[in-house]
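> Residue numbers (my numbering): 3 to 96.
Among the hints, erroneous ones may be present.
Computed Cβ-Cβ distance ranges for the label pairs, DEER-style [claimed, not checked]:
no. : residue 1 : residue 2 : range
1   : Leu88     : Pro15     : 28 to 38 Å
2   : Asp86     : Glu54     : 19 to 29 Å
3   : Ala30     : Ser4      : 29 to 39 Å
4   : Ile23     : Leu90     : 28 to 38 Å
5   : Asp86     : Leu26     : 16 to 26 Å
6   : Val83     : Ser4      : 22 to 32 Å
7   : Met5      : Ala30     : 12 to 22 Å
8   : Leu81     : Met5      : 22 to 32 Å
Source of the hints: derived by calculation from the structure; they are not laboratory data.
Quick reminder that beta carbons are idealized off the backbone N, C-alpha and C, glycines included.
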Amino acid sequence: MSMLVVITENVPPRLRGRLAIWLLEVRAGVYVGDVSRRVREMIWQQLNQLYENGNVAMVWATNSESGFEFQTLGENRRLPVDLDGLRLVSFYSV
Numbered sequence: 003m004s005m006l007v008v009i010t011e012n013v014p015p016r017l018r019g020r021l022a023i024w025l026l027e028v029r030a031g032v033y034v035g036d037v038s039r040r041v042r043e044m045i046w047q048q049l050n051q052l053y054e055n056g057n058v059a060m061v062w063a064t065n066s067e068s069g070f071e072f073q074t075l076g077e078n079r080r081l082p083v084d085l086d087g088l089r090l091v092s093f094y095s096v
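All chains should be built: construct the whole structure from the sequences, respecting the hints.
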């Protein structure tokens, strides 16, 4: 089991309701929980199917150098970049 954080913007209410089944919504669009890898992967599948025109970031604890991994969905000004095995975020201005 590991800590999981999901941040959503402009997603449909049905996705927000689905996330609330497994995770606690601590602020609008911010969900946290302690889940297994299997549940995390299932949540990611749900996010892929239901996010529509919104955007999503999912972050979870790992044994990597940074201590976490993350994935994103949808258009966002922050894009993941791999730099020699270290995941960073590149910011694109408007």
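> Would you pick out the hints that fail for this structure and give their numbers low to high?
Going through the list in order, the structure violates hints 2, 3 and 5 and respects the others.
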